[in-house]
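**Student:** Generate coordinates for the entire structure from the input sequences, incorporating the hints supplied.
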Amino acid sequence: MIPVLMPQVGQDIPTGTVAQWLKKEGEPVRKGEVIVIVESEKAAFEVEAEQDGVLLKILHPAESQVPVLEPIAYIGQPGEESEAQAVPAWAGEISKTPAEEGTNNRLKSELQAPAEAHAANDRIKSEPRKDKEILASPAARRLAREKGIDLATVRPTGPGGRIVERDVLAAAEARGAAASDTVIPFGRLRKELARRLTLSKQTIPHFYLFAEVDMTAAHAVRQALNQQQGCRVTVTDLVIYAAAKALREFDRMNVHVESDRMIVRREVNIGVAVAVEDGLLVPVIPRADQKGLAEIAEWSRKNAEAARRGLLEPTAPGTFTITSLGMHGVRMFLPVINPPECAILAVGAVEPRPVVIGEAVAVRPMMTLTLACDHRAVDGVYAGRFLNRIKELLEKMDKSDRSDKSEKSD
Amino acid sequence: MVAIATEIPTASRVMMYREALNEALREEMRRDPKVFLLGEGIAQRGGSYKVTEGLLEEFGPERVLDTPIAEASFTGAAIGAAMTGMRPVVEILFIDFALLAMDQIVNQAAKYHLMTGGVGRVPLVVRTQGGAGGCLAAQHSQSLEALFYHIPGLKIAMPSTPKDAKGLLKTAIRLDDPVIFIEHKSLYMSKGEVPEGEYLIEFGRGEVKRPGRDATLVAWSAMVSKCMSAAEKLSAAGIEVEVVDPRTLVPLDMERILQSVRKTRCAIVVQEAVRRGGVASDIAATIQHEAFDYLDAPVEIVAGRVTPIPFSLTLEQACVPQEDDIVAAVKRTMGRE
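Protein sequence lines, in the order shown, are assigned to chains A and B. For the record, in the first sequence the residue sitting at position 127 is 127 according to the numbering used here, with numbers rising by one throughout. For the record, in the second sequence the residue sitting at position 216 is 216 according to the numbering used here, with numbers rising by one throughout.
No lab work stands behind these hints: they were computed from the structure. All C-beta atoms in this analysis are idealised placements derived from N, C-alpha and C, irrespective of residue type, glycine included. Accuracy of the hints is not assured; some may be wrong.
[Claimed, not checked] If the Cβ cut is set under 10 Å, some of the chain B residues that face chain A in the computed set are:
no.	residue
1	Glu23
2	Cys135
3	Arg265
4	Gln288
5	Asp296
6	Pro298
7	Cys319
8	Arg332
9	Arg336
**Tutor:** So, in structure tokens, the structure goes:
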């Protein structure tokens, strides 16, 4: 008999959630067969059986949170003693399947044994019920859906132990929301975002630098590239390209910061923030400094699409992040550093603005870049030179930047 | 089409249900010479329930006709007259006797408009009365509205108050389609406010007879007053029910019923007729379909027992819904037993 463990699906991820059991207890499983789907904050993973046998015991039903590397089930030979006894006490209550403890059985036992029924009621009051079958009226279900209330946490007062609308209202009010307000609980992604961004703002002393970039040259390069079949370079791609080049020169910007040290990363892996449903993801373009514009554009497009469809595959740890609201008409904004990186670059809209060139005023396509830096790791002069280098790379783009493998001499 | 004025609240007086019906007939006969009445004992005797009292004197024997005891014949005669443009009002003394005229009503009156490609009309009103009324036994106590409700082409009114009785009957007479106008024998002597002057009540427009927030009672005809007294009792227990009276079953003001259910989250449909195959089942089905996400409980039906009505008064009362049955059903639905 071997345990099935909650997989470790990423660094800094202490628990996983059982999403769905594909096998029932007692069902035969083959080595390599997917038996359960688990979720981390950001993605779902399939867990395979490591040997042939029978799924002896499920320790954690769907929706349970389990620390990584803890057993969630046992696989063995039929008749083998399951280690159910060895399961932590807290797992016992919630591991009962609906089949073992169906609603009908519960109702029946309430009729037959009033004392037990009271005990059952007490349980309902004191902790969330895990029964799959929850008796709730259609009106209660609709309201719970609208207010994002888990019916398992609602105390029923309707006929036959049914949750009725007033029970959901009471639960909503108990949570501090007025009856007319809508409660939207944070999903996994939102929770993770909240955690990381709070960490960032609470622990990282941010400072900000601004640069106005004349995009005339970069635009010309972009237009020329976009003439080519299947090539679609965005303004953000131009900035990724320039920033990656600058990072190779300014390696103290390409670091991971810890509390008392920083690690200069050899690879320049640029994350690009992508808005997805209920949050944002930062898929990474690995070794962006070694990629040409067209290749970067292709990576950007594929990454964004994968992120939106929830199909991101982990690539490399990001070392620098770029975030753009330019396409939404935002001129400039102050971004939040994505830890453990030491800086993030915000890209504003390219728009015609009057600029002074020599003694004259001209109208040029201008863009504002905002660099947010972790002052623990980097200082203003160095960061300023870095930002100016990005500006320079963009303003001096030329034909050589159009080649597929960009190895511009520098 | 008849232009229907909305109900305008005016000065009113208290009158009996049967007097209100009499007034409706009188006003419509004065207004339109095509309106005439026929039925058993309606002229010289003034009707078994006195609804047509005094009409022979005012309108003469050509417009108020006593007929033989032959429902199929005089209903058929009335349908023929209606086809030629007259507006007959037939009285069938008991709805139980309407079964004799079913072929005329169902196969002729209800079909004619459609089968003539919309050319022919049957502006007929069949007035009749049903329900249990105190020891009239199995053949004189039935609630048979479902038989007519089942037939496409018929309109059905079942007024619960003198005001509704008058307003609906006047409208029924002016409509160009056959109307089965079902009165209730226990309501003829009931009294209520009736507005002064001319008013009509549109078919398909129900009325909230009592507003409430906790549960919706849907009832028509005599069951409305049973619901109203049940509502009083429930109110004393802190439960405020809303009583919705659709007033006409065809067309049915489902919107008003649904509006109420969406507010209260609970519905109890009350009918005097036997439970099986009744109008209540149809209304309940529509409620659950149209307002499913608003329901806190299954739609309850309080209805007559599936049995012929016994002669014994005690047994009769056991067979049709009583106030206490309604009170119990509301409490059961709300989980307040």
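**Student:** Taking the hints in turn, state whether each one holds.
**Tutor:** Quick rundown of the hints versus the structure:
no. : hint   : result
1   : Glu23  : violated, 44 Å
2   : Cys135 : violated, 37 Å
3   : Arg265 : holds, 5 Å
4   : Gln288 : holds, 9 Å
5   : Asp296 : holds, 4 Å
6   : Pro298 : holds, 9 Å
7   : Cys319 : violated, 26 Å
8   : Arg332 : holds, 7 Å
9   : Arg336 : holds, 9 Å
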